[in-house]
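Participant: Once you've looked at the hints, dock chain B against the given chain A.
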Amino acid sequence: MKWDTCDPSEQYLLHLGDDALILGHRLSEWCGHGPILEEDIALSNLALDLVGLARQYYQLAAKRIGSGTTEDRLAYWRGERDFKNHVLVEQPNGDFADTMARQFLFDAFHLLQLEAIEQCPDADLAAIARKALKETTYRAQHSSEWVVRMGDGTDESHSRISAALKRIWPYTDELFQPAEVDRIAAERGLGPDVQSLREPWLELIREVLAKAQLSLPDMPQKLLRGKSGIHSESLGFLLAEMQGLPRAYPDAQW
Amino acid sequence: MVSADDLRKRLNLVPDPEVPALSVLDLGIVRGLRMMPGGCEVDLSPTYTGCPATEVIERDVREALEELVGPGNVRIQTVLDPPWTSDWISEEGLRKLEAYGIAPPPKRSSDKRSLLGLSIPLNCPRCKSSQTERISAFGSTACKALHRCLDCQEPFEAFKCI
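Heads up: the protein sequence lines correspond to chains A and B, in order.
Per the numbering used here, the first sequence starts with residue 1, numbered consecutively.
Per the numbering used here, the second sequence starts with residue 1, numbered consecutively.
Hints should not be assumed to be uniformly reliable.
What the hints assert, rightly or not - In silico negatives: residues of chain A with every beta carbon more than 12 Å from chain B: (1) Asp49; (2) Ala126; (3) Glu145; (4) Phe176; (5) Pro192; (6) Gln221.
Said to hold, decoys possible - Calculated cross-link-like contacts (lysine to aspartate or glutamate; reagent style EDC-like; alpha-carbon spacing at most 20 Å): (7) Lys63(A) to Glu18(B); (8) Lys222(A) to Glu187(A); (9) Lys63(A) to Glu55(B).
As the list claims (entries may be wrong) - Residues from chain B that face chain A, not an exhaustive set, calculated with beta carbons under 8 Å: (10) Thr49; (11) Asp81; (12) Pro83; (13) Ile162.
Simulated from the structure, these hints should not be mistaken for laboratory data.
We put the beta carbon where it would ideally sit given N, CA and C, even for glycine.
Excised from the complex, chain A in its bound form:
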């Protein structure tokens, strides 16, 4: 199936689902490797939440696309170019500071994005956003607290989170650069004009960084097109692991 030919509103659902699934999968890689037991559990919980959210978007997309499409088909049988997630969320976990920096920068964006989507005229999509907003707020508080704890912690934790923010910062511009899928979603009133989220996002980030004794990174941004299916090399490896089993054993049930 050519996923690019499905209706742009359905493609928007896939874009939203892909962000949640890919970030959720990344976080699941921490299971059993967390720096402390509580955080290991926390990271697995974050992963579960996001995979659960991806399922809701995919279930809705599958229902609308029809022709026997299922949530599993969308997750496991699309190729790299078919995924429309931001390049930010596919970035490797790195150390705990890298993961939390990625999470914090995305959570703040995710909150603003969902606040816009919950107002949209598509009742099914708005319902998913309204539900997700509660848990996203909880996640955003968690990642913000960690940024503060590390930034305002020891010299070691401060330098680690500071370096992590600098590493991940160049991937944030894509969040606010409208791709085709964003433009159509905004036209149809489904999602926000992503450019308008930049300032409120910076405000959220600045508030937390100030409390964390960290400065706003000013690294040059990368020109990224994940939302158009052009990804970093990391996504291919992630998909190979995530999709390997259902592709090798297409009838597997669990």
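Facilitator: For chain B alone, kept in the frame of chain A given last:
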């Protein structure tokens, strides 16, 4: 003749698989319950998005009601909107949670928008002291967080407030 009230009574005996002290009614996830020609219809709201118990709850509800209206005669609809909140746990549910050793969620899900929200200290479900602290925002299941009492020194779980 089975009435909606009979269905309700039966559901009051269906426990949450992860917090068996609570019934699905106490949890506030049963949003509608109707007798229909040839069976019944239930509206269920999922609790936490990532909760693996959601599908188990659906199965348990179906099996319990099928005892009353017959196999294949229970229709379950998932209702996402308005989203479930911990504020919907019944008063009795809150009491049961505390008696079970889980600190109930404060009824304040709506007043959190700040990224640096201050968390209200909870009372220890064992010694009732308000001198408690949060160990982790996440716990053994999607619905719980970990806390510790500074007076009696016991760790305890708390229902996440969303």
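Participant: Any of the earlier hints contradicted here, and which numbers?
Facilitator: 1, 2, 3, 7, 8
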